[in-house]
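Start from the sequences, fold in the hints, and give me the full structure.
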Amino acid sequence: MIPLTKDNLTKADVQDKLEEIFSHYKGEKQELIPILQEAQGQFRYLPAAAMREIARFLRMPESTIYGVSTFYSQFKLTPLGKKLIRVCRGTACHVRGAAKVLAEIEKQLGLKAGETSDDMEYTLETVACIGACALAPTMTIDSETYGKMTTKKVAEVLGVRSKAE
Amino acid sequence: MSEAKPSNGNKQRTIYICQGTGCISGKSFEITEALKKAIVEQGLQGAKVDFTGCHGFCEQGPVAIVEPEGIFYAHVTVADVQEIVESHLRDGKPVERLFYKDPVSGEAIPYHKDIKFYSMQQRIILRNCGRLNPERIEDYMATGGYESLNKVLKEMTPEQLIDEIKRSGLRGRGGAGFPTGTKWEFCHNAVGDQKYMICNADEGDPGAFMDRSTMEGDPHTVIEGMTIAAYAIGASEGYIYIRAEYPLAVKRVRLAIQQAEEKGFLGDNILGSDFSLHIHVKEGAGAFVCGEETALMASIEGKRGMPRSRPPFPANSGLWGKPTTINNVKSLATVPVIITKGAEWYAGTGTEKSKGTCVFALTGKIANSGLIEVPMGIPLRKIIYEIGGGIPGGKKFKAVQTGGPSGGCLPESYLDQPVDYESLSAAGSMMGSGGMVVMDEETCMVDVARYFLSFTQAESCGKCVPCRVGTKQMLDILERICRGEGKPEDIPLLQQLGEQIKAGSLCGLGQTAPNPVLTTLRYFRDEYEAHINEKRCPALSCTKLISFYILPDKCQGCGICARNCPSECIVGDKRMVHVIDQDKCVRCGTCLEVCPERFGAVVKVSAEKVDVPDEPIPVKEKPKVAAASQGE
Chain W
1 MIPLTKDNLT KADVQDKLEE IFSHYKGEKQ ELIPILQEAQ GQFRYLPAAA
51 MREIARFLRM PESTIYGVST FYSQFKLTPL GKKLIRVCRG TACHVRGAAK
101 VLAEIEKQLG LKAGETSDDM EYTLETVACI GACALAPTMT IDSETYGKMT
151 TKKVAEVLGV RSKAE
Chain Z
1001 MSEAKPSNGN KQRTIYICQG TGCISGKSFE ITEALKKAIV EQGLQGAKVD
1051 FTGCHGFCEQ GPVAIVEPEG IFYAHVTVAD VQEIVESHLR DGKPVERLFY
1101 KDPVSGEAIP YHKDIKFYSM QQRIILRNCG RLNPERIEDY MATGGYESLN
1151 KVLKEMTPEQ LIDEIKRSGL RGRGGAGFPT GTKWEFCHNA VGDQKYMICN
1201 ADEGDPGAFM DRSTMEGDPH TVIEGMTIAA YAIGASEGYI YIRAEYPLAV
1251 KRVRLAIQQA EEKGFLGDNI LGSDFSLHIH VKEGAGAFVC GEETALMASI
1301 EGKRGMPRSR PPFPANSGLW GKPTTINNVK SLATVPVIIT KGAEWYAGTG
1351 TEKSKGTCVF ALTGKIANSG LIEVPMGIPL RKIIYEIGGG IPGGKKFKAV
1401 QTGGPSGGCL PESYLDQPVD YESLSAAGSM MGSGGMVVMD EETCMVDVAR
1451 YFLSFTQAES CGKCVPCRVG TKQMLDILER ICRGEGKPED IPLLQQLGEQ
1501 IKAGSLCGLG QTAPNPVLTT LRYFRDEYEA HINEKRCPAL SCTKLISFYI
1551 LPDKCQGCGI CARNCPSECI VGDKRMVHVI DQDKCVRCGT CLEVCPERFG
1601 AVVKVSAEKV DVPDEPIPVK EKPKVAAASQ GE
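Protein chains in written order, with our numbering: chain W, 1 to 165; chain Z, 1001 to 1632.
Please note that the accuracy of each hint is not assured.
[Said to hold, decoys possible] Straight-line Cα separation of at most 30 Å, DSSO-like style, residue types lysine-lysine; simulated pairs:
hint	chain 1	residue 1	chain 2	residue 2
1	W	K29	Z	K1604
2	Z	K1011	W	K100
3	W	K100	Z	K1535
4	Z	K1604	Z	K1620
[As the list claims (entries may be wrong)] Away from chain W, derived, C-beta distances all over 10 Å, residues of chain Z:
hint	residue
5	T1021
6	K1151
7	I1300
8	G1394
9	D1476
10	L1493
11	G1557
[What the hints assert, rightly or not] Facing chain W, according to a computed beta carbon distance under 7 Å, are these residues of chain Z, among others:
hint	residue
12	S1025
13	E1033
14	R1212
15	G1286
16	A1287
17	R1304
18	A1361
19	T1363
20	G1364
21	V1437
No lab work stands behind these hints: they were computed from the structure.
Keep in mind the model is a prediction, meaning the values are calculated, not measured.
Positions of the beta carbon are idealized from the N, C-alpha and C atoms, including for glycine.
Below, the structure written as structure tokens:
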């Protein structure tokens, strides 16, 4: 079972942003996934309070919202770090050494795939395929894609980001 | 190959920069801006900068083409911009150092048309990719775009259109190969007040990216094909379901829909006819199983994307219970060409049962990786060695994996087989979405099977027990084998589980998930046996079964390995032979990578003991060093 987040957000914290999102929708059941996507775009994850409000807006049981949110890997029920690092584990990346790249990133950040650092700076996860297979192995940091990764390039890619702040 | 001739610098030239996902990661936005700036600075009147979608040759990215000469530049960087502008655009002298180098001959090739990777392809689906600006509908219209739609609406009835597609022999490019015309006919004949047309752009197979490139490079082709299909079945609403991992494709398709509506190619009363179609974009949310048509429809309806049993087929009861047709991006991108050039022309390419062309994403251990489009029936050998340029680094070919997690791994003996739906299924693999991953001697086939199973196991929606539980059991066994804990009875057990999962699952995911295991068992059983019986990984890939040693007669005591070792398990001193503590070693291979080539002192072995000292010993003096010191 995937635990709901232990954040302290209340209805009041999420309401304004959600009202804005709801104003683009009619409240039909088919709108659930786009609404969840927009809500996640706002909060960078799906706070429990937001899921309850979405259930109310669509007049659906909370369990259905929870069921859909946990079915799709895009939806996060716990807060993400400021930077989302995703390592591709597609086939082309796999045969060209993605596992070593991931291990190096895990070592440098002190995180395992799926974890977020305690200071909320980084979230590290793997992704099935980003479709940039000719540049394998690949990784992304937020919306930037990095191709032809090597263990040596990891420090550079992670380093460039931390210097940029 | 011909030499690039210097030409007049005042000529009108356009440099097209690729802005597909691959080249963008190589900073093609920055290159475009730098080019624009440099052209203004140089005051060049004739030179223009434009961009295109994916050329397919992402390996060489960022790529640029200068027209009208057709000069192809590979691996362009911002630092090259000044030289391109001054030498080529101003003085008419192409920059030779940026030419593509043939991986076999090493020869520099100036012209796009002479590059084997392109010249051996036959592009129908990808005909415009890399050739036009995907964000301008006028570019697409200049190539004859939307004329097929016009022809269909003005000259053909839906029945005539369906007949034309049936005669062309077009089969679904999503992988299963169902005849497209027949699919349309079912839906056309179905009774319903509302029908839906869906474009399946949920390209989830790891290792395939042709749908992404088509949508990024030529989105109007997909929209035109989809509109024609909607006319055939009588749909007035359409959905394009694109996976969320493809933000650029989503953006370009949305823009293309808006442009098509403005020009009257979409919306109410298209081109003055009675036919209306509204297309909506739905973004997927990261579930592989949603590539399955009934799961995809559930996802559009806002539900968990779980497949349901068929019948009823979507043609009769699809989205919201209404008659629905679902076609893949590539099938739809082919449709406008069939209308323009005719069913007979299309059926002239390919084999008897598989007509036309197919697109493959050629990746893995291959010199030229990228997207290729070839006639059906072409032998695998030609794809891998002629278009793909063979295996890099002098390594030996081992297998080619087609069809992604649903497909299989084929050995060298299949290289002369023609590529089409039937031959690939007969070999235990499938066409699938067109991923083609080449593997060399360093790829462990047990590990590849384990890899695919870990993917399908994680993506199983959980509805059918054989798929949900069976793939987990198979994965556990494969993980055990890779750790060197396999048992002889594992092989028949894997076989049995695989066949039961195939027989007992509802949708394509479960029905094909065991294929990578079953084909590797069929063609590479010796590798399984080596792992199980000898605790040996022949490809020297499974970390639990390999060891690294430093050869005492080669080590010069430079200490590079010890300094780089992440687990600090190498002991030694200056001019002392270094020794790896096998108990602490994590088998990362860093020592092998960093050991200077002239020493080559680190070896990787599996199930083999190498004679090395237990403690560091002094480096043996080389005779040559001794001879040199005599002179002192």
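Non-interface label on G1394(Z), tested against every C-beta of chain W at 10 Å: With a cut-off of 10 Å, G1394(Z) remains clear of chain W, as the shortest Cβ separation is near 17 Å.
**Request:** Report holds or violated for the interface hint on V1437(Z), using the least CB-CB distance to chain W and a cut-off of 7 Å.
**Result:** holds, 5 Å
* Mind checking the alpha carbons of K1011(Z) and K100(W) for me, to see if they're no more than 30 Å apart? => violated, 50 Å
Using Cβ atoms only, decide whether R1212(Z) comes closer than 7 Å to chain W, and label the hint accordingly. This hint holds: R1212(Z) lies near chain W, its Cβ roughly 5 Å from the closest one there, short of 7 Å.
Would you check whether G1286(Z) satisfies its interface hint, that is, whether its CB is within less than 7 Å of any CB in chain W? Holds, about 4 Å.
query = Close enough to count: is the Cβ of A1287(Z) nearer than 7 Å to one in chain W?
reply = holds, 5 Å
* Asked: Beyond 10 Å from chain W, beta-carbon-wise, is L1493(Z)?
  -> holds, 25 Å
T1021(Z) remote from chain W - nearest C-beta pair above 10 Å:
violated, 5 Å
* Holds or violated: R1304(Z) as interface residue toward chain W, Cβ cutoff 7 Å? -> holds, 4 Å
Non-interface claim for K1151(Z) versus chain W (Cβ beyond 10 Å): It holds; K1151(Z) is separated from chain W by about 33 Å at its closest Cβ, greater than 10 Å.
Taking the closest Cβ pair, is E1033(Z) under 7 Å from chain W?
violated, 17 Å
query: CA of K29(W) to CA of K1604(Z), is that 30 Å or under?
result: It is violated: about 58 Å lies between the C-alpha atoms, which goes past 30 Å.
Comparing the model with each numbered hint stated earlier shows that hints 1, 2, 5, 7 and 13 do not hold.
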